[in-house]
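Based on these hints, arrange chains Y and A on the given structure of chain L.
What follows is each chain in one-letter form.
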Amino acid sequence: MIRLENVTYKYPYQNKEAVKNINLSVKSGELVVCTGVSGCGKTTLIRLINGLCPHYYKGELSGDVFICNENTKEKTIGELSNYTGSLFQDPEQQFFALNVDDELAFALECKGLDADTIKKEINKTAHEFKIQHILSSSVNDLSEGQKQKVGLAGIILQKAKVIILDEPTANLDVESTDELAEKIKYLKLQGYAILIVDHRLYWTKDIADRFIVMSKGEIVKEGDFSILLNNEFRKIYGLRDIEITDNRSTLADYKNSSKNIINIENLSFNYKGKENLFNNASFTVPFGVTAILGENGAGKTTLAKLLTGINKNITGKITINNKEIDKKILVKTASLVLQNADFQLYMKSTYDEIYMSVDVSHNNITEDEKKEITNNLLNQFDLYHLKERHPQSLSGGEKQRLVIACAVAKEPSIIILDEPTSGLDGRNMMRITNILQNLANKGVAVVVITHDLELINNICQYAIRLPFSDSLKQQAV
Amino acid sequence: MQESFAVNTSLSVKNNIQLKGLYLIDVRTKLIITALTSLAAIILSSIYAQIVLLAASFIYALYMRKPKVMVLTYLFVTIIMIIAVTSIYIINYFTNFMQGRSYFAITVPFMRMVTMVNVVLPLAFTTNIQSILTALKSFNLPLFIYLPVAVMIRFIPAFINDIKQIMQSLATRGIEVKFITLLKQPVKMGRYLFMPLLFRSLRASEELGIAAELKGIGNDVKVTPYKRLSFSINDLLLLISFATVLVSAFFVQSYIEVPESLRSLHR
Amino acid sequence: MYKNLKHHWSIQELVTIGVFAAAAKVITMVVALAGGGMNPVTLLIKNLIFTTFFIVMLYKVRKSGTIMLFTFVSLIVSLLLMGAEASTSLGMFMASFIGEFFILLFGGMKNKYAPIIGVAAFDLSYRVLSMFLAYMVMRETPEIVYAVIPIIAIGYLGAIIGLYTGIKAVKELRYAGIVRS
Chain L
1 MIRLENVTYK YPYQNKEAVK NINLSVKSGE LVVCTGVSGC GKTTLIRLIN
51 GLCPHYYKGE LSGDVFICNE NTKEKTIGEL SNYTGSLFQD PEQQFFALNV
101 DDELAFALEC KGLDADTIKK EINKTAHEFK IQHILSSSVN DLSEGQKQKV
151 GLAGIILQKA KVIILDEPTA NLDVESTDEL AEKIKYLKLQ GYAILIVDHR
201 LYWTKDIADR FIVMSKGEIV KEGDFSILLN NEFRKIYGLR DIEITDNRST
251 LADYKNSSKN IINIENLSFN YKGKENLFNN ASFTVPFGVT AILGENGAGK
301 TTLAKLLTGI NKNITGKITI NNKEIDKKIL VKTASLVLQN ADFQLYMKST
351 YDEIYMSVDV SHNNITEDEK KEITNNLLNQ FDLYHLKERH PQSLSGGEKQ
401 RLVIACAVAK EPSIIILDEP TSGLDGRNMM RITNILQNLA NKGVAVVVIT
451 HDLELINNIC QYAIRLPFSD SLKQQAV
Chain Y
1 MQESFAVNTS LSVKNNIQLK GLYLIDVRTK LIITALTSLA AIILSSIYAQ
51 IVLLAASFIY ALYMRKPKVM VLTYLFVTII MIIAVTSIYI INYFTNFMQG
101 RSYFAITVPF MRMVTMVNVV LPLAFTTNIQ SILTALKSFN LPLFIYLPVA
151 VMIRFIPAFI NDIKQIMQSL ATRGIEVKFI TLLKQPVKMG RYLFMPLLFR
201 SLRASEELGI AAELKGIGND VKVTPYKRLS FSINDLLLLI SFATVLVSAF
251 FVQSYIEVPE SLRSLHR
Chain A
1 MYKNLKHHWS IQELVTIGVF AAAAKVITMV VALAGGGMNP VTLLIKNLIF
51 TTFFIVMLYK VRKSGTIMLF TFVSLIVSLL LMGAEASTSL GMFMASFIGE
101 FFILLFGGMK NKYAPIIGVA AFDLSYRVLS MFLAYMVMRE TPEIVYAVIP
151 IIAIGYLGAI IGLYTGIKAV KELRYAGIVR S
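Chains as they are written, first to last, in our numbering: chain L, 1 to 477; chain Y, 1 to 267; chain A, 1 to 181.
It is possible that some hints are incorrect.
Mimicking DSSO-like on lysine-lysine, the simulated pairs with C-alpha atoms at most 27 Å apart in a straight line are [what the hints assert, rightly or not]: (1) A:LYS171 x L:LYS327; (2) L:LYS327 x L:LYS442; (3) A:LYS112 x Y:LYS178; (4) L:LYS399 x A:LYS112; (5) Y:LYS178 x L:LYS327; (6) L:LYS399 x Y:LYS188; (7) A:LYS112 x L:LYS348; (8) L:LYS120 x Y:LYS188; (9) Y:LYS178 x L:LYS370; (10) L:LYS387 x A:LYS171; (11) L:LYS119 x Y:LYS227.
Derived by calculation from the structure, the hints in this document are not laboratory data. Quick caveat: nothing in here was measured; it's all calculated off a predicted structure.
One chain only, chain L, in its complex shape (with noise of 0.2 Å):
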């Protein structure tokens, strides 16, 4: 189905090649997972086999490309794909429409077919999905899990026989991971050719017939899972762990723990309609590292912005080391740094960027003292060498360096990190791992909201448990 022979490719502009030799074929009923460190060709491979190479970014390829027997060089990728379907890290910027049905109707709108058939083929499709419920939900609604699946319905929809899937479980908490398991290994089962791009590998373990590791435009190694258990050869790749355990339920509570840095005492907060987020609630975050656990709309990010002061309908009484904070202020001793890196880079250079993070949260220094401790944080978080270049054209791993720079920048007693290593490789995720360590270290308190098993193993020693209606039930008992 997919079939690559000596395949080099180069985009414009470039001068190094983005993929070099690469021979590769995927069958019908087969399951193929690509990994690699960011940046080692994994994406120019799916660009690849969807056509947008050469067509769309145009630049040079040599050797053959065929998608079920079809050269891509001599085709559209209109024509493509109705071979191909690929589906993204965040399925909903591929969406046009508002509505569910909507959006799975609009390919074949605008492919031309009768009302009928396309209402007929929708409900087909949701009916294998088990989306039926969820059909006239508005897109913004829907949960990471649900916005996959109505991603992968829509291929399913176009007929396509090939399915590439571009690190599908970023995004995902680790039930959907699971769900979205057993339906790939569905699709399988019916004969699907199917690619994955994806850091995280333990979930593809059970379902993956082949893995293929690239390095620097190259593939480097190509077999099954056992080619993966050498510690070294992942460490030398930068590549995820293979063997996760489910850590969550050991982490201590927040209640047994000693040395508090953060006291709350009777916190309320509720939206409109929705009760019982948080009544009365009374808790601590200590020193070290805390994951904030909990299911989606548990309210973890909410706590996380009335921590922060961000959101300032806080009521209850708020202690930090002993001293009890005016709300006002809490703004002042906490940094949250939010899920999206990109709306949180404003200025034309890194070294702007943290100068102003300086600049705004200290007001009684000179000029030359804020520049230092803008260069120590451009040292310390190892940015030094791109503080001329602009923040937006970073690499993720980069700017989420850049942007903890920015929260430590005014030397909060608490850190709050809302999924800091989602989408990340494994290079990546120790770098930022290391980080939250020696911040720790230092003695701030940091707090994560992740769904990163590999994250939650390796640093975090405490959790506190959403939403605290449930855990104070569970205390009682």
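Chains Y and A only, in chain L's frame:
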């Protein structure tokens, strides 16, 4: 004023559960009413004709059952009107500018405004976004018009959400988006709000463009709507009653003479 | 003619037009909300940002007719969703023709500065036409139109600064490696 409507659009997607009153009227009917009534309001100049239009459009607006929205809107128009009348009163004090005419004469422009607002409010408030897209599809617009319109409608709620996130991100750095901060540092604040959204737009258009290519959406396609809108008897009745109102307004303008004191100041 | 028009813009370009129209709409709305509606500063920033987005969009979609399509699309959607002022819509749409005309006059989109020329012409003619239309609506008491003049003038000042920031934004995007050419 325009802004206050906008935020509501993100919510209006959700409130399509209970369809009542004007929600049941086809979006195309509302479009025709809005266009023709606004046009008539601009063309007509007789104060009586304007009163006819105003009364009819007011009743129409009442049917949308959003008293709060109407009160707020009228409050806004009233404030403008008070400012205008006061300034004219002051001018008149020095120059005899009104030449003995009644102050009612200067209400015509405001009636025009209110009429236009009355017909546009139901269109904006009782139509869910997706049905607008469905309506556009059934107009058989060429793809080069339909696609950007659909994309724009699709992204407005998403961007409203993004801006909220940008403002929260700014708040985490200790920068608040408020009138005072906008006034103090307009250049910086402009940049903080603008740059993330600009990059977001560039990425979104790249990703969605690629998605379109990968979905096989080409230039030659003709969009066939899979949901259809249907005109009902209510649509017909509403259109007929508005046609009657418009005709009578023109009739009033041509046959009923306006007394000198209520005539417009400049002809 | 219609056939040519169909293939004039690529799908990618049509999507870009839609996305930028949405972004420009949303950010001007938010600025107005934060600034409390009608006041000189927000009026200025609103127009500044709109023009900047317009220029960046034109550097991404360098095809004649884009100014017209962009304005047309924003107007349709604004009208449908927010009940935009029907009276200024007409002026804006007419202004987009004038913007296109000026681009043609200066050698079409191949001209390096075509987006700037087009937007500058659009901005100016839009203001002139809005004043004319304001007069049409308020013709019985043109004194009120005088009150509108400063509002339009401040808006235009914002648009002129927007031309400058638009060029700066395009330069920055080149530096970030996002816009080529």
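For each hint, the structure was consulted:
1. A:LYS171 x L:LYS327: Violated, at about 41 Å.
2. L:LYS327 x L:LYS442: Status holds; Cα separation ~24 Å.
3. A:LYS112 x Y:LYS178: The given pair, whose Cα atoms are some 38 Å apart, is violated under the 27 Å limit.
4. L:LYS399 x A:LYS112: 33 Å, violated
5. Y:LYS178 x L:LYS327: 19 Å, holds
6. L:LYS399 x Y:LYS188: Holds. LYS399 (chain L) to LYS188 (chain Y) sits at ~21 Å (cutoff 27 Å).
7. A:LYS112 x L:LYS348: Roughly 24 Å between the alpha carbons, so the hint for LYS112 (chain A) and LYS348 (chain L) holds.
8. L:LYS120 x Y:LYS188: 53 Å, violated
9. Y:LYS178 x L:LYS370: Holds - the C-alpha atoms of LYS370 (chain L) and LYS178 (chain Y) are around 26 Å apart, at most 27 Å.
10. L:LYS387 x A:LYS171: 19 Å, holds
11. L:LYS119 x Y:LYS227: With Cα atoms ~9 Å apart, LYS119 (chain L) and LYS227 (chain Y) stay inside 27 Å; holds.
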